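Trainee: Here are the chains, one letter per residue:
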Amino acid sequence: MSSRIEILNEGGFRSDGRRQYELRDITIDMSQQGTADGSAIITHGLTQVLVSVFGPREAKMRSQTLYDRANINVEVSIASFSTGERRKRSRGDKRILEMAATIKSTFEPVVQTNLYPRSQIDIFVQVLQQDGGLLQACINATMLALASAGISLLDFVSAVTGGVHSTSPMLDLTALEENDIPHVTVAVMPRTGKVTLITMETRLHVDRFEEIFKLACEAGKVIHGEMRAAIRLRTGMLISAMQSVSQNAGEKEDEQMYEY
Amino acid sequence: MDIDLDGDEDFDSGGSKLTCPGEPLTSAQDYMRGHGTYVENEEVIASVAGTIERVNKLVTVRAVRTRYNAEVGDLVVGRITEVQPRRWKVDANSRQDAVLMLSSVNLPGGVQRRKLESDELQMRTFFEEGDLLVAEVQAFFGDGSMSLHTRSLRYGKLRNGQLVVVPPILVCRLKSHFITLPCGVDLILGLNGYIWVSKHVKQSDREGEEGFDAEAVYSNQNDAIDDFTRIAISHVTNIIRALATRFIPLSDTILLKAYEWIVEQGSDVKDLLQEDIGDALVAGITAIG
Amino acid sequence: MVDITIRKRPRAEAVITQRKFFKKTARGKIIKVLRERYLRDDVSCGVLSCTECSGEAVLSLDAHLQHKLFPSGHFILPDTNVFLSQMDLVESEMFTTPMVLLQTVIEEVRHRSLPLYNRLKALIKTEGKRIWVFYNEYRMETAIVRGEGETPNDRNDRGIRKATAWYSTHISSTHRQNRPAVILLTEDAANRRKAEAEGITTISLRRYVEGMINATQLLDLLAAAGSDEIEPTKAVEGRQALYPDYLPTSTLLAGVKAGDLHQGHFNADQYNYLEGSVSVQTFSKPILLVGREHMNRAVQGDVVAVEVFDETEWMAPADEVVDQDATLKNDDADDSGEEEEAVVDAESKAVSTSPSSNKQPTGRIVGVIKRNWRAYVCHIDSTSLTSSNSTSLSLQTVFATPVSRLLPRIRLRTRQAPTLIGQKILVTIDRWGNTSRYPEGHFVRALGKVESKEAEQESLLLEFEVPYRPFGKAILDCLPPEGDNWVVPPKADGNLAWRDREDLRNLLICSIDPPGCQDIDDALHARALPNGNIEAGVHIADVSYFVHPDTPMDSEAASRGTTVYLVDKRIDMLPALLGTNLCSLRPHVERLAFSAIWELTPDADIVNVRFTKSVIASKAAFTYEEAQIRKDDPNLRDPLTASIRLLNSLALKLKAKRMAAGALNLASPEVKIHLDSSESSDPIDVEQKEMRETNSLVEEFMLLANVSVARKIQESFPATAVLRRHLPPPKTNFEKLQDILKKRKGMVLDISSSGSLAASLDRCIDASQPTFNTLVRIMATRCMLSAEYFCSGSVGRDTFGHYGLASEIYTHFTSPIRRYADVLAHRQLAAAIGYSPLHASLHSKHHVERVLDVANRRHRMAQMAGRASVEFYVGLALKGRGEKQGVKEEAFVIRTFRNGVGVFVSKLGIEGLVMFKRDTQFDPDNYTITVPSSTKGLGDVMISVFDKVVVNIEVEKDRNTQRGKVKMSLIEPVDSRAL
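Residue numbers (UniProt numbering), protein chains in the order written: chain A, 1 to 260; chain B, 1 to 289; chain C, 1 to 979.
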């Protein structure tokens, strides 16, 4: 009975015990997924998204080949078990296509596509579990996956959802909150502070907009810190793994040569 | 080396400095930008996540995982994706498919034979879509795609084995990328991260008596492979997979050590895919040294 | 900039912080539910001087040492059941103990009863109460998870105990000395036992109150339920059927055919929402339906099948006013499936049978043959909202209370509930399942703010199904192309307009109408003939010249049926060009007319009558008042005045004849609204309509014309003549009035014929109360059936009569601009005099019946809409007159109930209800109610039907629905406000 839950109670707590400006727990897993060139699983609270990036690689469709830059292809699939009501969404579902288009337009100004002419970057987004902030999770996971695929990016991108309950803004909404209050998703590039995406599907009063927009930009920077740390950890881990063995291997080679 | 980094969060690994996309590295006035960086507002900024490298005034960032960046002379393993007029398209794990010109392959009936129109009509008898081959990077085209050649008896169509794909960075440059393990398994470590594991073929058999046996070179038929070799091939591929997921660079010695370790432990083929055995393997081979 | 942080959640905590489960909805869908919770250590305990918790605090330690059992000071921590059953006590100003209110408790209250929850929320904010809301579900130490097999109730109890225990340890760790106790207040004995076992101080509310200083006063407030144990909430899955299933349609139809079941329209009772009735042919009295279950989901107007009980089970209608809003105010919109004990109790009390002897057939509805659902004008009940936040977009289930008291509340799911509060909205009923207490509907659209004129007007029109859209192009295309410039063409032989028309342009014709009348559809003339007789003529606008059968304009007019007059608006049946110009018999212009011309003897006996199409030019348009003045002014001797005098003398004789024949002089409360100005249309006053001699003049001639025309068309078209009749009322209708008159006033009402009724009504005079006679007439009118149009071939010749007018035949002919039946009568009359052939459709009995059915319905609706409009303006006027204290008016008691009286304020023409809160002695047989006097020392006061009382009338807004309600209270002989 969702309507029975207060979005923001008198004590300043939200329905899940957070306060207004507290973001949900973020976990990031950047381990290798299959044969993808880069992949990441991110969870924001209970929302979980897996993104696999393939490419840059030869475009499967010749017609999509661009002669001066890479083509970004985003495909979103929402697992039928991810939502409350189990339902199968077809590939042609308008909502899914729209989300794919949103993600694509978010990253087009960020990816240095001019470095990869005649090729294609495939981004496969798989939604595993939904509890609000879906687009935000998709964008953040895509960002991580692109970084782990070693694709050149002009800047980082981090996205967050903000909403306004009455006059109180709040960040990182759950599904419960998204159903109830007007909300907006903002994707920022933390270094320059530029905004690469802002989208909303609900009506928000213009006076409230600026406030929530600024807050979301700030929150984007906080999430950026978290994501950056995760990328560094992962990169460092891979490099140390490579170095530890290759050094050993090198020594061994020397020994072997010495034995000869 | 005087590169400003906000060092507090740096994950220091063996002295190499890490960075993330969008992080400023240094002033563009003092340094030149290399791969993995770009210049904006007089600053060199990283565009990929990886290690910062500096050669004199050139700053580059090397991403840990990328697609294969080819160099002329590299040995690669590829797969035919398309047959086009006088050329094949080959997937070689690069940003674009590589090209294998009809003129860059050995044709039946003599190594130096002139290319005929009939050859153009029966290109599929040499290579079909899906065929695997080993080749060498010959040159680059204007658009950045590479051209391959198989004009060597060691190159050509692959059979009697299976393909493993690893990140290209894990394949070390070796004196020879054709490796024969004592268990009767041949390895071709393609620098593009494609590795061919197959039944061992004697040097003499491969070369044939007349120097070039078209039947054998372009054959789609596997030879008879005994069970022992089959298991050995599976062992080796699983070793490669286990090592690759733990990001261990592959070289002939490591693979040999790993195989020995496996035999010592008496592990089954499928055991290798288990997390703990894989970890033990890595621990085992790094500890040996 | 605010501090934005990420709430990190240790993985180990996931067991209590994440909940993933599947649930099955009422519709059988499986839904996956994901919930998470972030546990924190910064939830403040609210105790002043606490060293660990920061932030504001309201729980102070001093000054509460008054309790006998806890001399060292204490806080109380009440359980949910305290609020559910003892809210009055907790709300008392004397109950000031600092209180810890747990989140668990608040949520449980919210889940159990929204209205109580709203009271609780108000309580928290009340000044002087020291209540600290502790969010125990978010505090690391006090959050708990529902265990396997644990009911939600047990889980909450456990949570409350755990929080209490935590408070104790928390306080003892932060306070070295002077440690206050934290006491768990609960009415649940089992919970108390468990708490004691865990070493928690616990006590029942009664025992706690007994120990307080002001125990004596507070104990009074302790609800009786306090001694009982509260039952846990019933599980929702066991949703039982609240209503019996309907029988299959085939069974219903067979039953009706066989006579086992009875078919009729369902009528809800406007005083008691738990009663309804169905009028059927088999019984002289309507079948009574008592209780929700027997009414079985029927809605006003539905065609239902009723099963009648044995005569031993027959009941009399309850004599109590049962207001749905008052009884069910604590009902929840969301879980209607659950029978709340309180509601059932209240309802069973409300339907308890009265000892009264006048039993009537009683039964239950076993099926609905035809639903008569439409869009209803409603208000949103604001207490049923879960969130009144204006930005809230959540789907809420709310109640919509229809404006009409005859309808049940409608359950509605909407995302825009907060914005709809205070608006009139349109709601349609979708279904009424037998597990749902209320019908379910959906929001159609908003009409506008409550009490804004536009919204009220539109809602009236919608409520009475008045078609009010502007006329479409196809209809307007039927008008003469000349538009406003149309004139009667010059007289010439070849001209079609003049074909077979008499030229009456030089007759002294005038019209007499109410002031401001624009659609003048009748005009009169009279002149003395050389033979001593008098020629009198009634000239009716010739609408049928413009409105031809089978045109879009004709069918639109047929479907509109009638022009509707609201106080501030007129909704035309025909486009305004016709109504107010071309057909309006304005003075000094030539107009086409249909004339009825009589030759009458000076004694007003008809010598002959003829009907003709004509061209007239009215010489003057008078108001009733002007005509009256002109007639009464002896100085005026012009021919026009003479003509009016002649008409008047005839009218007096005609009326006398009619009365002698037994026509009834009935009364209905009619008032007139004075509008400030046409722009603002703010009512400034209400007054009763005045009747002048000239009103009666016009009326008599119209009746004469109608009767004459009726005879003519019935003669010519015996099978399809459009007539109007008024059936004599069934005797049973008068039983109650007769009884009241006899018992209260000793008067006898003879209803054997309309003549005798008229005579006995004339005798009902109370010298002390001049308006008494009018009152009786009004009440008698209500016992009558309403007049109706019919097709002469459809009913027996002996039922043609018009009871009220005491005429054996009657039709409507005189107002074709505003009534469609008149248009038909015109066409038939034109055919009868050979002016034009009759259109084929008017030869078809079936077609005429159908058109007249519509006309009857529209006519009824138009009357009701008009009345409702007057009522609305009376309300506005009242509001304007007495801003705060209301208006005092004399009123008559017209009905008595067990708990109130119905009164009629003749000056304002409105009826109202005075409710008594205290018990009264009610004597249903003698129609009296005895109430204790408001001033001490005086004895009880008896109020009976027909008593004159003084009432105070105020218009108050219903707090929940924003619906304006006229509220009346008695001032004399007793002040009911004091009761």
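Derived by calculation from the structure, the hints in this document are not laboratory data. Hints are supplied without guarantee of correctness; some may be wrong.
With a cut-off of at most 25 Å between alpha-carbon atoms, the simulated DSS-like pairs for lysine-lysine come out as follows [to be verified]:
1) A:K221 to B:K17
2) C:K20 to A:K88
3) A:K88 to C:K29
Nothing here was measured: the structure is a model prediction, and the numbers come from that model.
Trainee: May I ask which of the numbered hints given earlier this structure violates, with the numbers listed in increasing order?
Mentor: As far as the earlier hints go, not one is violated by this structure.
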